[in-house]
Every structure is written in C-alpha cells, then in structure tokens.
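Colleague: Listed below are the residues making up each chain.
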Amino acid sequence: MFAKHPETALVPYLRGELDRDEHSRVESHLETCARCRASIESSASMLREISEKVAQIPEPDWIRYRAQLRRRLAARREQPQTWWRPEYSWMSLAAAGALAATIALTIAIRPTQQLGPTPPPVDQLALEDAPADLGLLRDYPVVEHLDLLENYDEISNLDQLAPAASRNEKSSS
Amino acid sequence: MEFSDEELCRQVAGGEASAFDALVERYQARAYRLACSILGNEADARDVSQDAFIRLYEAASRFDERSKFSTWFHRILVNLCIDHQRRNRWWRKMVPIGKRDDDPDAPEIDFPSDAPGPDVEIIRGESAGRLRGALDKLSANQRAAVLMQAEEGFTSREIAEVLGCSEATARVHVHRGIAALKKILKGEEP
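As you go down the protein sequences, you meet chains A and B in turn. In terms of this note's numbering, the first sequence opens at residue 5 and continues consecutively. In terms of this note's numbering, the second sequence opens at residue 115 and continues consecutively.
In isolation and in its complexed conformation, chain A is listed as follows:
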C-alpha cells in the first residue's frame, strides 16, 4: 500500500513501464481510490488528445527541407575551415588591422563640435577618480619627468632619472 496517492507512478502504470512490484502496488491502490482512477483516466485522455490533435501538424516539403539542410551543412563545414586554416590566418590579421585602422580614422576625423557642455579632459577625470593611487605616484620621482618620456631617447636612460630627481630636490631645498 502507498502512504499517499502514487501520483507520479500513474502514467508509467498506464504505459506498462513499472516493474512487477510497483505495478501490483499501484493496481491495489487503484482498486480502492476513486481519485486516482479518475486521474489516470483523465491523464490517458489528455495524452491521447495531445497525440491526436497537437501532433497533427502539416508537414513541410521534405525535398526542400533536405536541400536547405544540405546547404546549411555545407556552409557550416566551410566556415570553420576558412577561419582556422593557417594559410588564411594572415587574412584574419589583415582584417583585424583594417578594422583597427578604421576605428582610429573615425576617432581622428570625428567632429570636434560638441552638442552639450564640454566634458573635462580625460586625464582630469582620471585624476578625480584615483586620488589614492596618485598619492603613490607623486612619491615616485620619475613621474615628475613624465614630459621627458615623450622623448623616447630618454627611456634608454630611465634608470638615471631617479638620482637626478633626488639631486634636484636636494638643491631646491
């Protein structure tokens, strides 16, 4: 006997899926439970109606269906090969380069006239957003000579900048 109604076993019972023991238990329960008998009857009816009504769908033209499937499959097979084959990898690099150049060009020639109020310069925004980090940067002597970094020749002598900065500080104090 079941302690409660064997609700989830009713459809499997109907379909003959249950093993012998469970089948017997459900069968004995159904003999005494009108509610489960009603449920199993309406479930059978529901499944039958779905099978007869919902599943009756006009079929497509299968020749066209398969032709379309073949075209899609062929396109799919070509796509990854073209992208991954090494001899074509330079093409993807060239495409990426062209895209980057287009973006750079767009930024360079964009109209300078602004519709709204002019936003503050980006570096100013950055300063406002990161005061804590700047505290560290200010203690670093090289930062005082950022303008020198615009001259790339200075980069090769970067290690000499810090002592120079220290010397300047001593002389000014």
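No lab work stands behind these hints: they were computed from the structure. Note that this is a predicted model, so its numbers are computed, not measured. Please note that a few of the clues may not be correct.
To be verified - Straight-line Cα separation of at most 25 Å, SDA-like style, residue types lysine to any residue; simulated pairs:
| hint | chain 1 | residue 1 | chain 2 | residue 2 |
| --- | --- | --- | --- | --- |
| 1 | B | K300 | A | A48 |
| 2 | B | K182 | B | A282 |
| 3 | B | K182 | A | S55 |
| 4 | B | K182 | A | L18 |
Given the structure of chain A, go ahead and fit chain B onto it with the hints provided.
Modeller: Leaving out everything else, chain B in the frame of chain A:
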C-alpha cells in the same frame, strides 16, 4: 539491407554522406513534429530540427552507444528547442503553475477534481489551438516531457535520458505537466 540507427550513426562518423541522408529521412518527420509541438512555430521548428541534424553530423563520432540513437538524437533536439525558447522568448513571461514547476521536492499539486467524469469530457472537447495554448504555459521541461510521452511514446527512463535528469524527476515532470494542463483547460490557472 536496412541498417540500424546506431550503425548509420557510426557510418556518419566515418564520413559516409549517404548514411547521414538515411538518418535524416528516417527522423525528419518526428524531429520536425516534436520541435513544432515544443516551439509552437513551424519556421522555428524547421530551423531547430535542421540544427539538430547538423549537430548530429558534427557529433556522430561522440555517440558512444550507451543509450539508443533515438534517445541521443532527441536529447540534442530537445535541448536545442529549450535553448531556442530561452533565447528568443526572454521577453515572454512563462506562466508558472505555482512557483514549483521543476522542483521535484516541492509540495504536490492538487488534483483538479476527485470526480471521475468531467475532466475527461473537458479534455475531449478541447481544440488543438487551446491544447497548444495550454502546453505553451508549461515550463520547458514539463512541456518537453509531456510531448515526448504523448507523441513519441517515450518511457520515463528515455525522457530522463533526454532531459538529463533522474527517472523520478522525469515522472514528476510528466505528472505535473498533465496536472497543470488539466487545471489550465478547466480555467483554474492562477
């Protein structure tokens, strides 16, 4: 000579195009019909069922024959249908029956009626459109489980394999799906 589905799938894995064509012809109607029932749309059903065949072609070598080919293929198909619905119907609020659709541990749904007669009469009188509308209100797993049971005659074990859940959970999906359909068709939807 008629090859089994499993043998044809092995041949597809070996690059045999005619084996793929044979499998498509064998499964196209079932795949399209089930996709159409789940998605409720013929154009989507065509695309998604074709997607399933493309996946079959690409994954044939990974079919390990631990389950029947039909179960394996339906797993691909049903997952694609469910994914398609999630992707394309994000804007649509699926009407849950309570808040416990897919939780097998949740309290049970009340039976619609204790009396043996009226439910069957109501169900028999339903049009295909109203049945489809009611199916559409089920959760994705419930809908797929009920349709696989009704249309394909899948057992609970096969439904479980397709949905990637336990057999007990598959039974719960079918039971709750049918119980919810009865409630909706009787106008008792929340």
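Colleague: Now, for every hint given, state plainly whether the structure supports it.
Modeller: A quick look at each hint next to the structure:
1. B:K300 with A:A48: Given that 25 Å is the threshold and the Cα spacing comes to 17 Å, the pair holds.
2. B:K182 with B:A282: 20 Å, holds
3. B:K182 with A:S55: 23 Å, holds
4. B:K182 with A:L18: 23 Å, holds
The earlier numbered hints are all upheld by this structure, with none contradicted.
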